[in-house]
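Engineer: The residues making up each chain are set out below.
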Amino acid sequence: MNKIIDKIIAEKGTTVDAVIPILQAIQTEYNYLPTEAMQRVCDLTDITAERIYGISTFYSQFRHQPVGKHIIKVCVGTACHVKGAMRVFDAFKRELNISEDNDTDNEGLFTVDKVACLGCCTIAPVVQIDDITYGHVQPSKVSEIIDEFLNTDNTPMDSDASVTIQNKNLEGEIRIGLGSCCIASGSSDVKGELEKSLKVNNINVDVKQVGCVGICNQVPLLEIHKNGEAPHYYTKIVSTEVNEIIRKHFRSKNIFRRLKTDISGFIDNYVIKGIPVSTKKYSSESTDTPVAEFLNGQINIATEHRGVIKPNDLKEYSRLGGFNSLKKCLLNYEPDQIIDIIKQSGLRGRGGGGFPSGLKWEIVKNTKSNSKYIICNGDEGDPGAFMDRMLLESYPFRVIEGLIIAAYAVGADSGLFYIRAEYPLAVKRIKEALYYCQKDNILGNNIMNSNFSFSLSIFEGAGAFICGEETALIASVEGNRGLPKMRPPYPAISGLWGKPTLINNTETFSLVPWIISKGADSFAKIGTEQSKGTKVFALAGKINRGGLIEVPIGITIRNIVEEIGGGIPDGKAFKAVQIGGPSGGCIPASMSDIPIDFESLSEAGAMMGSGGLVVLDEDDCMVDIARYFLAFTQDQSCGKCTFCRIGTRRMLEILDNICSGEGKPEDIEILESLAYSTKKGSLCGLGKSAPNPVLSTLKYFRQEYMDHINGSCRTGKCKDLIIYAIEDDCIGCTKCAQDCPTEAIEFKPYEIHIVENELCIKCDICRQICPVNAVIIR
Amino acid sequence: MIELIIDNKKIKVKEGTTVLNAAKQLGIEIPTMCFLDGMTNHPSCMLCVVKDVSDGKLHPSCALPANSGMEIITNDNEIFDARKEALELLLSDHVGDCEAPCRPSCPANMNIPLMNRLIAEGKHREAIEVVKKDIALPLILGYICPAPCEKACRRKQIDKPVSICALKKNVAAHDIDNDTSYMPKKAPSSGKKVAIIGSGPAGLSCAYYTLSHGHHCVIFDKNAQPGGTLRYDIPDDKLPKHSLNSEIEIIKKLGAEFRMNIEINKELFKSELTNQYDAIVIAMGNFGDTNLVDFGFKSTKYGLQINRDTFEVDTTGVFACGNIIRSRRMAITSVAQGKSAATSVNQYLKGESIQKKKRMFNSKFGKLYDSEFEEYLKEGSDSQRIELPDGKMGDFSTKQSTKEASRCMHCDCRKPNTCKLRIYSDEYDADRKKFLFGERKKIKIYNKHNLINYEPEKCIRCNICVEITAKQKESIGFTSIGRGFDIEINMPLNRSISEILTKTALLCAKECPTGAISRK
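Protein sequence lines correspond, in order, to chains A and B.
With the numbering used here applied, the first sequence covers 7 to 784.
With the numbering used here applied, the second sequence covers 147 to 666.
Be aware that a few hints might be false.
[Said to hold, decoys possible] Once the Cα atoms are required to be at most 27 Å apart in a straight line, the calculated DSSO-like pairs of lysine-lysine come out as:
hint	chain 1	residue 1	chain 2	residue 2
1	A	LYS120	B	LYS579
2	A	LYS316	A	LYS434
3	A	LYS685	B	LYS197
4	A	LYS686	B	LYS170
5	B	LYS579	A	LYS685
6	A	LYS491	B	LYS170
7	A	LYS686	B	LYS230
8	B	LYS503	B	LYS306
9	B	LYS197	A	LYS491
10	B	LYS306	A	LYS694
Note that these hints are calculated values from the structure, not bench results.
Start from the sequences and build out the full structure, keeping to the hints where you can.
Structural biologist: What follows is the structure, encoded as C-alpha cells:
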C-alpha cells in the first residue's frame with residue numbers, strides 16, 4: 007500500500023491544498039479510504055490528521071468502509087423522486103436483503119447508494135449499476151435488473167473507435183448526440199450499431215458525434231443529413247432499428263473502403279435497458295413535430311450550434327467563429343472596454359444570485375494585487391439541474407473562451423474550473439479542451455501573440471452542495487472543509503489565497519463570447535427590463551418533452567410547460583412548477599403567466615437558482631415535495647451556523663411528522679416561524695434559501711398541510727397516510743400476489759384479491775403490475 | 147478611523163474593527179458564545195446578531211466589519227427573538243443536564259451530587275456544609291424523608307438509586323457526633339427580633355436560617371418541648387428523640403430562644419408580637435388545628451393565604467410557612483419553606499424588596515437510553531446499592547458511605563455557573579423544549595483524560611477547541627468530523643483524548659463556552 011500512496015503523493019504534491027486530490031486518488035485505488043492510507047499521507051505531507059479526517063468526513067464522495075463489488079446508485083434527483091425513486095431504492099435493499107443500517111449485502115457483492123442527481127431526468131427513475139445505466143426503473147423490475155446485470159457480460163462496449171471515412175465523396179452526414187443523458191439513454195449502443203451497419207453496407211457517410219442536443223426527451227436521436235435532401239430526425243431509437251433506418255436512406259455498396267480509426271474519441275461505456283421502443287421519424291421541414299415544437303421559442307446563445315458542433319473539435323469551433331471574440335478583445339479592447347460591454351449587456355450571474363456580472367468584474371479589476379484568480383463555478387449540485395454539466399460537456403471551448411475574456415478583463419493570471427467529480431464526462435472534455443487550447447496558444451504565455459498570459463486547470467469537487475457557494479468553494483480549493491465565510495470581504499476583493507478572485511457560473515462565462523461578438527445591445531434586446539438575455543433550464547418532471555432548453559428571460563411558465571414542454575403526460579392536471587431546486591420554490595399552475603426573471607420569481611417565493619425546472623402534476627404531494635428539498639438541504643448543510651445546522655433539521659422533523667400523520671395543527675405555525683428565522687439567521691445562501699420550498703408550498707398549498715394533519719394525503723404519496731386496496735375490477739390474474747414482496751396479497755386465481763394491510767409495506771408493486779388498474783390507494 | 151452609530155450613539159473606531167468590538171467600546175454588551183478574540187472560527191452560534199438599519203437584516207456582529215456611516219441596533223424585539231431562537235435551537239441539540247435530576251426534585255434543592263462527591267472523597271466536613279446550606283435538619287430528615295431525590299436518581303434506571311437520604315443522614319450523624327459540630331457562619335447581629343410561632347420542621351428551619359442571617363429569634367410553641375409534629379406525631383421507633391433533640395440543640399446553640407407552653411391567641415399576637423418583634427413567621431402546623439381564623443388573615447381552602455413568591459401574608463412583616471399554608475406530607479417541604487421564608491424575612495428586615503429566588507435555567511434531557519448506561523457508569527462505581535442496616539434507623543460506616551457515594555454518576559454539569567449556554571438561556575428565558583421533535587442524540591462521555599472530561603453532546607460546534615489545539619501546535623488536534631447536523635468535534639483517526647490534548651486541555655476547558663469540555 008505504501009508504494010501506491012507514495013506514488014499518489016508524488017503526483018499530487020505535499021501541500022495542504024493537495025488533500026482532496028490525494029483522497030480522490032486513494033479512493034479511486036481502493037474504492038474507499040483505508041485508515042492506514044490516510045495515516046501514510048499525514049506522515050509524508052503537510053496534511054495533518056485533523057485536516058485529512060475533517061475533509062474526508064465532510065465531502066460525501068469519500069467512503070470510510072469498503073464497498074461491495076458492484077455499486078448500485080439510485081438517483082434521487084427531483085425528477086426521479088417524483089417518479090418514485092425511494093420505492094426503487096427500498097426495492098433494491100429489500101431484494102438484496104440489506105438491513106436498514108447497512109448499505110452492502112452480506113456477500114459483499116452489491117452496495118446500494120443514493121446519488122443526488124445523475125442528470126438523466128428525462129428517463130426517471132434512473133439507476134446506475136457500476137457503469138451501466140438503467141432508465142424507467144420500477145420496484146417490480148428490480149430483481150430482473152439485478153439478474154440481468156449479473157448474467158450479462160458487462161465489459162464496457164468500446165465506442166472509442168469513431169469511424170471517419172477518408173473518401174471525400176460523402177453521401178451525407180449522420181449526427182448523433184453524445185451528452186451524458188444521451189449516453190444513458192443508449193446513444194452509445196446506437197452509435198456502435200450505426201457504425202457497424204455503415205461498415206457492413208459500405209455506406210460512405212460521416213458519423214458526427216455532437217454534444218447535448220437538449221431534446222433529452224426524444225433521445226437517442228439520429229439526424230440524417232443527406233446531400234440534396236431535407237434533414238430527417240429519428241427519435242427514441244434503439245440499436246436494433248439502426249440498420250433499417252440506414253438502408254432507408256442510403257444504398258448499400260460493395261466496394262471495399264479503407265476505414266480509419268480516429269483515436270480522439272471518448273470511451274463512453276454506457277448501455278441502456280428498459281427504454282420504451284418508439285421510433286418515430288420526422289422531417290425537419292414539418293413544424294408540428296415534437297422536435298420542432300421543443301426547439302421553437304428557444305434562443306441559443308450559451309447553446310449556440312446545438313446539435314451541430316462536435317464538443318472538442320477545436321477546428322470546428324474556430325470555423326464557426328469560435329475564439330474570434332477572444333481575439334477581438336485581446337487585439338482591440340482595453341479591459342475597461344470589455345467590462346463596459348458586459349455592463350451594457352445587462353448580464354447577471356447565472357448561478358442563482360443574479361449579481362450584475364460587469365460590476366463584479368469591475369471590482370476584481372479595480373482591486374490592486376500582484377496576482378488575481380478566476381474560477382469557473384461548475385459545482386452544480388442541485389438535484390434536477392444539469393445545465394452546467396451540459397455546457398461543459400458540449401461546449402467546452404465556449405466556456406473557456408468566456409473565461410479567458412473575463413480573465414483578460416479583470417487581469418487574472420491563472421484560473422480553474424471547479425467541476426463536480428460526479429460529472430466525469432465534463433471533467434474529461436474540459437481536460438481535453440484545455441490540452442488543445444494550450445497546443446494552439448489559446449492558453450499559456452502570450453495568448454494569440456498578445457501580451458496576455460493565462461493558465462487554466464481543473465479542480466474536481468468532492469461532493470458537497472455547499473461548495474457552490476463561492477466562499478465555501480474557495481475553502482475547498484484551499485484544502486479545507488467547505489465552510490462558507492462571512493461576506494464581506496467578497497472574493498472579488500479577497501478570495502482564493504487572499505487574492506482578488508472572480509467567480510462566475512459556467513453559464514455566465516458561456517454567454518460572454520456571444521455578447522462580445524454580437525454586441526451588448528443584441529444581448530440586452532433579449533429578456534426583460536432588469537433581466538437580460540437567455541437562461542438555460544433543465545426541464546423535467548411530469549412533462550411530455552423534458553430536456554435542456556435555452557429561453558429568453560421573461561418567458562412565462564405557461565409558455566415553457568405547454569409549448570416547449572408539450573404539457574403534462576397522461577391527461578393529468580398541471581399543478582405547479584418547482585423552480586430553482588432546493589433554494590427555489592413551488593409556483594402554482596394558477597400563476598403560470600408570470601414571467602421567469604430574477605425579480606418575479608423571488609417575489610413569487612421561488613428563485614431562478616441555477617435553473618432546475620421540475621413540473622408537478624395532480625399526483626404530486628406538495629408537502630412531500632417540500633420535505634424532499636428540505637431533506638436535501640438539511641443533508642447538505644455544512645453545519646457551521648446554528649440556524650442552518652439545527653433549524654433545517656427541526657423543520658425536517660416537523661415535516662416528517664406531518665407526512666407520517668403525526669402532525670399537530672400548531673406544527674404549521676412553528677414550521678413557518680422557524681422557516682422565517684432560518685432565512686434571517688443563517689450565514690450563507692444555503693441556509694437563507696433552504697426554507698423557500700417550505701415557505702412557498704405553505705403559501706400556495708397550505709390546505710394540503712392541513713389535510714395531512716387531518717390524516718389524509720390526497721395524492722397518495724405519503725406512505726403512512728395511505729392504504730392499498732383491490733377493487734372489484736380484479737380479474738384474478740394473481741400477478742400482484744406473485745410479485746408482492748411481503749405476501750400481503752394471497753394467491754387466489756380467478757378471484758378478487760385482497761391486500762392484507764398489516765403486511766403491506768406500500769411498495770406500489772401491485773398497483774404497477776395490475777393489468778386492469780384494480781389496485782387503488784385510499 | 148471609521149465613524150458609525152450603535153444604538154443611537156456615535157463612535158469612532160479603527161478600520162477593521164468588528165461591530166462587536168465597537169459596541170464593547172461603547173459599553174454595550176452583546177452576547178457571544180462562539181466568539182473568542184484572535185480566533186477565526188466565528189461566526190457560528192449566531193447569538194451576537196445585530197441589525198443593520200440600512201438593510202434591516204440581522205448580521206453576526208462578531209464578524210461584521212464596522213463601516214463608515216453604518217447604523218446598528220443591538221437590541222430590539224426582533225434581535226431578542228432571533229437570539230432566543232438560536233439558543234432554543236442549540237438547546238434542542240444539547241443533551242446534558244445543568245443540574246443532576248436529583249437536585250431539582252429535592253424540595254430544598256440541596257446540591258446532592260456535590261455532597262455525594264465530597265463524601266466519596268471522605269470530606270465529611272465539607273459535605274455537611276453543602277447539606278446545611280439548604281437543609282437545616284438533615285439528621286431528622288435522614289430518618290423520615292421519603293427521598294423524592296432517589297426517585298429521580300439516574301442510577302435508578304441502571305440498577306438502584308444512590309442512597310442519597312442515608313448518605314445525608316450519615317453526614318449529619320457524623321457531624322453531630324463530632325466534638326465541634328458544624329455551625330453556619332452568622333452574619334453580624336442586625337439587632338432585629340423575629341418571632342416564630344411553631345417549632346415544627348418549618349419553624350426550626352426558619353429559625354436556623356434567620357439566626358444565621360444575624361437576627362434574633364424567639365420561637366413560641368404551645369407544647370412543652372420543641373419539635374411539633376416531629377416530636378408528638380412521629381413515634382420513637384421512627385425518629386429517636388435523641389436525634390431530634392440533638393438538631394434542636396444546634397439551633398439553640400445558634401442563639402434561638404424557645405418559649406414553650408405558650409399558645410398564641412389573637413390578643414397575644416396583636417399586643418405582644420406585633421409590637422415587640424420586627425417580623426413574625428407563622429409556622430404552627432396544620433391550619434385546622436389552630437385558632438388562626440380569629441387573627442383575621444385571609445385564607446384559602448387549604449390554609450393561610452400567602453404570596454407564593456415571598457411567603458408574606460396580607461399583613462406587612464408577617465410571613466407563614468409549613469403546613470399552615472397547605473398541609474403536605476413531607477417534612478422536607480416544610481424545611482425548605484422555612485428556609486425560603488427566612489430569606490424573605492431577611493430581605494424585609496434589611497429594607498430590600500422581597501423577591502423569590504429564581505431558580506436558574508436548567509437543561510434536562512430526561513431518561514437515559516439503555517445504550518447509554520455504559521457511558522454514565524464511567525463516572526460512577528459499578529457497586530451495588532447499600533441499604534441502611536436496620537431499616538432507616540441504622541447508619542452507614544464510613545467505608546460504606548464512601549462506597550455508596552461513589553456510585554453517584556455525576557449527572558450534573560461541571561460548569562453550571564460558567565456555561566454560556568445556560569447563562570444566556572436564563573437571560574433570554576429560552577424554552578428548551580420548543581424544538582424537541584425528533585429523537586435526541588446519544589450521549590458519549592470521554593473521561594480518560596486526567597484533567598478534563600469531554601461530552602460531545604453538550605458541544606455547540608463552535609470549533610474554538612479545534613483552533614486552540616491547532617494554534618498551540620498539539621501534534622494531533624481536535625477536528626470537525628462529518629457535516630451538517632451530524633457534525634461532531636472529535637479525535638481524528640481514532641486517536642484517544644489523552645493523545646490529542648497534551649498541553650491544551652485546561653485551556654480548552656476554560657474557553658469551551660459550554661460544559662462540553664470541563665475540568666474534572
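Engineer: Work down the list of hints and note, for each, if the structure agrees.
Structural biologist: Outcome of the hint check:
1. A:LYS120 / B:LYS579: 33 Å, violated
2. A:LYS316 / A:LYS434: Distance of about 14 Å is within 27 Å: holds.
3. A:LYS685 / B:LYS197: The hint holds at about 14 Å.
4. A:LYS686 / B:LYS170: The hint holds at about 24 Å.
5. B:LYS579 / A:LYS685: Holds, because 22 Å separates the two Cα atoms, which is no more than 27 Å.
6. A:LYS491 / B:LYS170: 23 Å, holds
7. A:LYS686 / B:LYS230: 13 Å, holds
8. B:LYS503 / B:LYS306: 33 Å, violated
9. B:LYS197 / A:LYS491: OK: B:LYS197 and A:LYS491 at ~19 Å, within 27 Å.
10. B:LYS306 / A:LYS694: 49 Å, violated
The structure fails to meet hints 1, 8 and 10 from the earlier list, while all remaining hints are met.
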